[in-house]
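Listed below are the residues making up each chain.
Number of protein chains: 2
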Amino acid sequence: MQDIRIERTTQPRQKPDMATVRFGRSFSDHMFLMNYDSKNGWHDARIVPYGPIPMEMASMVFHYAQEIFEGLKAYRTAAGKIQLFRPEENIRRMAQSADRMGMPAVDEDMFLEALKTLIRVDESWVPEMKETSLYIRPFMIATDVALGVHASDSYLFCIITCPVGSYYPEGINPVKILIESEDVRAVRGGTGYAKCGGNYGASIRAGVKATRQGFSQVLWLDGVERKYIEEVGAMNIMFKIEGKIHTPALNGSVLPGVTRKSSIELLRAWGYEVVERQISVEEILEAARDGKLEEVWGTGTAAVITPVGSMTYKDETLVIGGGKIGEVTRRLYDGLTGIQWGTVEDLFHWTVPVSK
Amino acid sequence: MQDIRIERTTQPRQKPDMATVRFGRSFSDHMFLMNYDSKNGWHDARIVPYGPIPMEMASMVFHYAQEIFEGLKAYRTAAGKIQLFRPEENIRRMAQSADRMGMPAVDEDMFLEALKTLIRVDESWVPEMKETSLYIRPFMIATDVALGVHASDSYLFCIITCPVGSYYPEGINPVKILIESEDVRAVRGGTGYAKCGGNYGASIRAGVKATRQGFSQVLWLDGVERKYIEEVGAMNIMFKIEGKIHTPALNGSVLPGVTRKSSIELLRAWGYEVVERQISVEEILEAARDGKLEEVWGTGTAAVITPVGSMTYKDETLVIGGGKIGEVTRRLYDGLTGIQWGTVEDLFHWTVPVSK
Numbered sequence: 054m055q056d057i058r059i060e061r062t063t064q065p066r067q068k069p070d071m072a073t074v075r076f077g078r079s080f081s082d083h084m085f086l087m088n089y090d091s092k093n094g095w096h097d098a099r100i101v102p103y104g105p106i107p108m109e110m111a112s113m114v115f116h117y118a119q120e121i122f123e124g125l126k127a128y129r130t131a132a133g134k135i136q137l138f139r140p141e142e143n144i145r146r147m148a149q150s151a152d153r154m155g156m157p158a159v160d161e162d163m164f165l166e167a168l169k170t171l172i173r174v175d176e177s178w179v180p181e182m183k184e185t186s187l188y189i190r191p192f193m194i195a196t197d198v199a200l201g202v203h204a205s206d207s208y209l210f211c212i213i214t215c216p217v218g219s220y221y222p223e224g225i226n227p228v229k230i231l232i233e234s235e236d237v238r239a240v241r242g243g244t245g246y247a248k249c250g251g252n253y254g255a256s257i258r259a260g261v262k263a264t265r266q267g268f269s270q271v272l273w274l275d276g277v278e279r280k281y282i283e284e285v286g287a288m289n290i291m292f293k294i295e296g297k298i299h300t301p302a303l304n305g306s307v308l309p310g311v312t313r314k315s316s317i318e319l320l321r322a323w324g325y326e327v328v329e330r331q332i333s334v335e336e337i338l339e340a341a342r343d344g345k346l347e348e349v350w351g352t353g354t355a356a357v358i359t360p361v362g363s364m365t366y367k368d369e370t371l372v373i374g375g376g377k378i379g380e381v382t383r384r385l386y387d388g389l390t391g392i393q394w395g396t397v398e399d400l401f402h403w404t405v406p407v408s409k
Numbered sequence: 054m055q056d057i058r059i060e061r062t063t064q065p066r067q068k069p070d071m072a073t074v075r076f077g078r079s080f081s082d083h084m085f086l087m088n089y090d091s092k093n094g095w096h097d098a099r100i101v102p103y104g105p106i107p108m109e110m111a112s113m114v115f116h117y118a119q120e121i122f123e124g125l126k127a128y129r130t131a132a133g134k135i136q137l138f139r140p141e142e143n144i145r146r147m148a149q150s151a152d153r154m155g156m157p158a159v160d161e162d163m164f165l166e167a168l169k170t171l172i173r174v175d176e177s178w179v180p181e182m183k184e185t186s187l188y189i190r191p192f193m194i195a196t197d198v199a200l201g202v203h204a205s206d207s208y209l210f211c212i213i214t215c216p217v218g219s220y221y222p223e224g225i226n227p228v229k230i231l232i233e234s235e236d237v238r239a240v241r242g243g244t245g246y247a248k249c250g251g252n253y254g255a256s257i258r259a260g261v262k263a264t265r266q267g268f269s270q271v272l273w274l275d276g277v278e279r280k281y282i283e284e285v286g287a288m289n290i291m292f293k294i295e296g297k298i299h300t301p302a303l304n305g306s307v308l309p310g311v312t313r314k315s316s317i318e319l320l321r322a323w324g325y326e327v328v329e330r331q332i333s334v335e336e337i338l339e340a341a342r343d344g345k346l347e348e349v350w351g352t353g354t355a356a357v358i359t360p361v362g363s364m365t366y367k368d369e370t371l372v373i374g375g376g377k378i379g380e381v382t383r384r385l386y387d388g389l390t391g392i393q394w395g396t397v398e399d400l401f402h403w404t405v406p407v408s409k
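As you go down the protein sequences, you meet chains A and B in turn.
Taken in order, the first sequence gives residues 54 to 409; the numbers are from the numbering used here.
Taken in order, the second sequence gives residues 54 to 409; the numbers are from the numbering used here.
Don't take every hint at face value.
[Claimed, not checked] Ranges of calculated distance between the beta carbons of each label pair, as one might list FRET restraints:
{"hint": "1", "chain 1": "B", "residue 1": "376", "chain 2": "A", "residue 2": "328", "range": "52 to 60 Å"}
{"hint": "2", "chain 1": "B", "residue 1": "369", "chain 2": "A", "residue 2": "406", "range": "55 to 63 Å"}
{"hint": "3", "chain 1": "B", "residue 1": "93", "chain 2": "A", "residue 2": "63", "range": "43 to 51 Å"}
{"hint": "4", "chain 1": "A", "residue 1": "91", "chain 2": "B", "residue 2": "90", "range": "33 to 41 Å"}
{"hint": "5", "chain 1": "A", "residue 1": "105", "chain 2": "B", "residue 2": "93", "range": "20 to 28 Å"}
{"hint": "6", "chain 1": "A", "residue 1": "399", "chain 2": "B", "residue 2": "234", "range": "38 to 46 Å"}
[Unchecked claim] Restricting the straight-line Cα-Cα distance to at most 20 Å, the calculated cross-link-like pairs of lysine to aspartate or glutamate (DMTMM-like) are:
{"hint": "7", "chain 1": "A", "residue 1": "280", "chain 2": "B", "residue 2": "278"}
{"hint": "8", "chain 1": "A", "residue 1": "262", "chain 2": "B", "residue 2": "152"}
{"hint": "9", "chain 1": "A", "residue 1": "68", "chain 2": "B", "residue 2": "109"}
[Said to hold, decoys possible] Examples of chain B residues toward chain A, derived with CB under 10 Å:
{"hint": "10", "residue": "77"}
{"hint": "11", "residue": "104"}
{"hint": "12", "residue": "107"}
{"hint": "13", "residue": "109"}
{"hint": "14", "residue": "112"}
{"hint": "15", "residue": "121"}
{"hint": "16", "residue": "126"}
{"hint": "17", "residue": "148"}
{"hint": "18", "residue": "152"}
{"hint": "19", "residue": "233"}
{"hint": "20", "residue": "249"}
{"hint": "21", "residue": "259"}
{"hint": "22", "residue": "266"}
{"hint": "23", "residue": "345"}
Hints in this document: simulated from the structure, not taken from any laboratory.
Think of the CB as a built atom: it goes at the ideal place given N, C-alpha and C, for glycine as much as any other residue.
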């Protein structure tokens, strides 16, 4: 494995006030960089001060979106230790995204070492306040300076981090979701299961429209029949119907979320039945109308668990659980965040210590 | 309309040998830049030396692919004049792409003025040799330094140019096309009609696979039923069957090509019947088997008209027109490039002079 060269900053950045910090706006002192080209493979692993990099405007990433990313967090426990939550899941998923986008994978051990080393260098950036964490954004971009659509010969792998508070500054209150009936995010055979920029770029217009109408996020339907539920803007989604948990199966156009997977494992360990399957929007609307839809929540790294208070499809709005947070939603949030911050025993061995 | 500030280079770049230049690898001396933010709108229109721009690694374009582009060319006529081909079509399409991606449009007059001014400044970069031109790449990227999926508040609009020879260095020989049956490029409701990076990023893996197997490009089928023909990697596609021309209709997942539109108008002016409709791959295979498929060609800015010599679908390869360039294909190529280089009278008023 390559050595990681470390160049420490001489001009430390101002740390944000963790009570008011906005998600993804304040970056830590350092970033990890590593270059790839087809001749030399991955090389020049280094940690350098966070700052701008000169980019030629003909760089492929600006034109053909050969770009993938991941998102995970480092947590500080009450004892002051720093830990990651299932980083190997993100590492593996990034390799899958790379495959879909014709990009090279990063060696798994190297990737984990890069994460740990960067967080050790920026240890003081892992916040202590309750509900805060260090958000970690590994990503890879195509850097060939060339027009003409082709797989780039060269890539930059980068990890940046930022201390974040709770994703929803107002606390975990139930959100209003708009079921999108026009725009489509992904389709089987497309890039839906990959964490590539294009999926998110395609989602922005619908997100803007929903926000203007007072919704928090959009729920996507499948691209083929536009009747099966796929995922929410930045989350997977789960439904509790008559005591049982239902969630869309990983069909190729749904992102295989790490929080989704962890929630399923936790719920099953608690004795809940969890069914991964094709779920039509009509079925969910009917369950809601009949009073059988007890809870709805989203799962994602940024917000962990997000209760859904209402869902709007075309002209119909269905309030879920009286607009309050459900019992399983709350238990999942407490269970997962408890493991992440080290207040609940990690029976699954999901956390990985960063401190040496 | 804003004034365009011009800062000329003091270190002119080396011009490439036009006999051997590779497509999209050698950039002209200058580039056009203009910034947008929601408070000031578009501002600071300027032409500066081509060169790298410092970019923060948290810039939105690297993560969520909020990026769109266009491609057009400037041609030098035998009389030494420089002209553009239907630039207003590209300007209008870029506004449509911007709308789909939640990005601001550039004022049409400003856009055209930027194109003309930049090409005048880099006039000496418009090559003279036969079959050469100046390829022009306008594009827009999201520049907010912020993670969290949202519409960026700030954007950079940029135009870079590069002198290019013929897209196929070996001349316009018929290419071999692979009909892709696994990966999907776009779906209705998605971004297929927009010229956004994500569409191209999604296409790269299939392109690599096809190239390895000796094919030139991939032909995409629709994302819903995977049986209707949409477009080829960098081109729209047309079929001549028993004297009539057929091409996939603009259904929302097909790029509305400027060369496609111009070809249809030219063909109709010549008395050909052109039908825009849904075309199944089975129908084309059958026409080929029955000897009714007379010609197949692609239309696109980079290569203008590309004859298709064979199409391979799963295990079947169908040779078209004995693998030779068809009569209409040749006539279209000569007709369009004749107008572009000013050797054929521009009856449609498609060309726009750049010289004052």
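Tested hints:
1. Judged by the Cβ atoms, the range 52 to 60 Å given for residue 376 (chain B) and residue 328 (chain A) holds: they are separated by roughly 54 Å.
2. About 57 Å separates the C-beta atoms of residue 369 (chain B) and residue 406 (chain A), a value consistent with the hinted range of 55 to 63 Å.
3. Distance hint for residue 93 (chain B) and residue 63 (chain A): a CB-CB separation of about 34 Å, inconsistent with the stated range 43 to 51 Å.
4. At roughly 38 Å, the beta-carbon separation of residue 91 (chain A) and residue 90 (chain B) lies within the given 33 to 41 Å, and the hint holds.
5. Against the hinted window of 20 to 28 Å, the Cβ-Cβ separation of residue 105 (chain A) and residue 93 (chain B) comes to about 21 Å, which satisfies the hint.
6. Checked against the hint of 38 to 46 Å, the C-beta distance between residue 399 (chain A) and residue 234 (chain B) comes to roughly 45 Å, which is consistent with it.
7. The suggested pairing of residue 280 (chain A) with residue 278 (chain B) holds, with an alpha-carbon distance near 15 Å, which does not exceed 20 Å.
8. Proposed proximity of residue 262 (chain A) and residue 152 (chain B) is supported: the alpha carbons are some 12 Å apart, at most 20 Å.
9. Between residue 68 (chain A) and residue 109 (chain B) the CA atoms are separated by roughly 18 Å; this keeps the pair inside 20 Å, and the hint holds.
10. For residue 77 (chain B), the interface hint holds, the least distance from its beta-carbon to any beta-carbon of chain A being 3 Å, beneath 10 Å.
11. Contact between residue 104 (chain B) and chain A, as hinted, is supported at the beta carbon level, the nearest pair being about 7 Å apart and thus within 10 Å.
12. For the restraint placing residue 107 (chain B) at the interface with chain A, the shortest Cβ-Cβ distance is roughly 4 Å, inside the 10 Å limit, so the hint holds.
13. The restraint placing residue 109 (chain B) at the interface with chain A holds, with a minimum CB-CB distance near 5 Å, inside the 10 Å limit.
14. Interface restraint check for residue 112 (chain B): the shortest CB-CB distance to chain A comes to about 9 Å, inside 10 Å, so the restraint holds.
15. With its C-beta approaching chain A no nearer than about 9 Å, residue 121 (chain B) sits inside the 10 Å limit, and its interface hint holds.
16. About 12 Å separates the beta-carbon of residue 126 (chain B) from the nearest beta-carbon of chain A, more than 10 Å, and the hint is not met.
17. With a least beta-carbon distance of about 14 Å to chain A, the hint placing residue 148 (chain B) at the interface is violated under the 10 Å criterion.
18. A cut of 10 Å between beta carbons decides the hint on residue 152 (chain B): the least distance to chain A is about 8 Å, and the hint holds.
19. Because the closest C-beta pair between residue 233 (chain B) and chain A is about 9 Å apart, less than 10 Å, the hint holds.
20. Hint status for residue 249 (chain B): holds, given a least beta-carbon distance of 6 Å to chain A, under 10 Å.
21. The beta carbon of residue 259 (chain B) is positioned within 10 Å of a beta carbon in chain A (closest approach about 9 Å), and the interface hint is therefore held.
22. Checking residue 266 (chain B) against chain A by beta carbon gives a least distance of about 15 Å; that is not within 10 Å, so the hint is violated.
23. Interface restraint check: residue 345 (chain B) against chain A, minimum CB-CB distance 30 Å, threshold 10 Å, status violated.
Checked against the numbered hints above, the structure breaks hints 3, 16, 17, 22 and 23 and satisfies the rest.
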